[in-house]
Structure formats: structure tokens, C-alpha cells
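Respectively, the protein sequence lines represent chains A and B.
Residue numbering for the first sequence follows our numbering, starting at 1 and increasing by one per position.
Residue numbering for the second sequence follows our numbering, starting at 1 and increasing by one per position.
Please keep in mind that the hints were generated in silico from the structure rather than gathered at the bench.
Hints are supplied without guarantee of correctness; some may be wrong.
[To be verified] Which stretches of chain A does chain B cover? Using the computed rule of at least three CB atoms under 8 Å from a CB of chain B, they are:
no.: 1; segment: 43–50
no.: 2; segment: 98–108
[Said to hold, decoys possible] Over 10 Å on every C-beta distance to chain A, these chain B residues come out as not near it, computed from the model:
no.: 3; residue: P8
no.: 4; residue: R16
no.: 5; residue: G28
no.: 6; residue: Q41
no.: 7; residue: K44
no.: 8; residue: Q48
no.: 9; residue: N51
no.: 10; residue: L60
no.: 11; residue: P61
no.: 12; residue: R101
no.: 13; residue: F103
no.: 14; residue: V113
Ideal placement from N, C-alpha and C gives every residue a C-beta, glycine not left out.
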Amino acid sequence: GENVEQHPSTLSVQEGDSAVIKCTYSDSASNYFPWYKQELGKRPQLIIDIRSNVGEKKDQRIAVTLNKTAKHFSLHITETQPEDSAVYFCAASMQGGSEKLVFGKGMKLTVNP
Amino acid sequence: EAGVAQSPRYKIIEKRQSVAFWCNPISGHATLYWYQQILGQGPKLLIQFQNNGVVDDSQLPKDRFSAERLKGVDSTLKIQPAKLEDSAVYLCASSLEGIIRAFFGQGTRLTVV
Chain A
1 GENVEQHPST
11 LSVQEGDSAV
21 IKCTYSDSAS
31 NYFPWYKQEL
41 GKRPQLIIDI
51 RSNVGEKKDQ
61 RIAVTLNKTA
71 KHFSLHITET
81 QPEDSAVYFC
91 AASMQGGSEK
101 LVFGKGMKLT
111 VNP
Chain B
1 EAGVAQSPRY
11 KIIEKRQSVA
21 FWCNPISGHA
31 TLYWYQQILG
41 QGPKLLIQFQ
51 NNGVVDDSQL
61 PKDRFSAERL
71 KGVDSTLKIQ
81 PAKLEDSAVY
91 LCASSLEGII
101 RAFFGQGTRL
111 TVV
């Protein structure tokens, strides 16, 4: 079935540390993997995305890696800051009649000053 | 660039009542989505439109939920009659075409009592 697993569900780090969020997906045909950040009471915001033809993508302090063989992808945040505190959702494209995004359950990141 | 607009922001209704949500996507975006986000979970796709046609409504509870996107721009999502388990945030999102780079609205928080 269509499934995206995300772990851990919560993570607490000290300001300046790195944070890693991992996701696995079930559909070997998945080819698009976005990451969204959702602050409390606000809309999910797209922060980075990767397609299956690349293994890694960076944008300043955030990077995403993709391992198609193992069907997992990860978000890396370096030099974390208190404003990075939010819930982070991974998603993967799934085929099933039409192409759609399936989201993980989210990971709550807390960056302690 | 204006973002995805949704209204109302909050709605409280009694079970068995009906409710409607409105979404105005980013100008020029052909694809529009309605997601349901239950507290503590990731967004779950309810329905996906391409212009004014339905692409995927496989997870829409059609006995009580309906959605339309007349003229391929604005969209409305209706619930009739509402159940307690419909309490959630209803998010609208849009993208230029397909699932790539979808942008979310602020959502409507529905409470059914």
C-alpha cells in the first residue's frame, strides 16, 4: 500500500547542533520527495524538494539525501536555530491511477537556546 | 505573489450540520488539492483537481463530502452532515501542474461538537 514512515516523531537539540529526520517510502516508483515545515497554527511551507534523478540537494543550512535502493530519504539541518523549531513533514509521490503526494506523520523539532 | 487563500479560518458546528470551505489558489495554478489534517498527523489528500476536472477523489468520503472547482479557479469543499471525527484542519494547496511544488493555504480549523 501507499505508505510513508517518518522517524523520530520528536527530536530535541541544542542550538547549533545538527538535526536529522528520516523517512522511508513503500512505492518504488516514487520520484518526487518534498519536505514541509509547519510552525504552530501556520500553513505547511515547502522548504526543499528532491527528485529521484539526484542523490543529494543542499540549500544553505538544509540538505536532503535520497537512497532509492533502500527507499529512504533524510532531511539534515545544520547549525540549528530556535526558529527551526517546528513540525517537519516528508512526503513522497505515489502512483495509483494518478500521481499524488503521501505525507508522513511529521516530526516535532525543538531547538533549545 | 499572493498565496493560497482560504476562508473561513475557524468554524465550529454541531454534528449533523453542514459546512463549506472556500479556496482561491495561486493565480495560474492548474492543480488544486484539498487535504485533511487531523491533529498530530500529516495532511491526507481528499481530492485533487486539474483545472476543473477531478484527478483523484479516492479518499474522499463521498457520502458526506463533496467538492467542486467550477471554472477551474476557486474551489469549495462541503461536508454534510458533519460527524465528530471530521474535526480537523482542512488545507487547500495548489501547484502549477501536477504534484511538484505545491503551496498550502492557512487552512480552516473545523471543530464539530
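Hint-by-hint comparison with the structure:
no.: 1; hint: 43–50; verdict: holds (count 5)
no.: 2; hint: 98–108; verdict: holds (count 9)
no.: 3; hint: P8; verdict: holds (15 Å)
no.: 4; hint: R16; verdict: holds (28 Å)
no.: 5; hint: G28; verdict: holds (17 Å)
no.: 6; hint: Q41; verdict: violated (5 Å)
no.: 7; hint: K44; verdict: violated (7 Å)
no.: 8; hint: Q48; verdict: violated (6 Å)
no.: 9; hint: N51; verdict: holds (14 Å)
no.: 10; hint: L60; verdict: holds (12 Å)
no.: 11; hint: P61; verdict: holds (17 Å)
no.: 12; hint: R101; verdict: violated (6 Å)
no.: 13; hint: F103; verdict: violated (7 Å)
no.: 14; hint: V113; verdict: holds (20 Å)
Taken one by one, the earlier hints fail for this structure at numbers 6, 7, 8, 12, 13, listed in ascending order.
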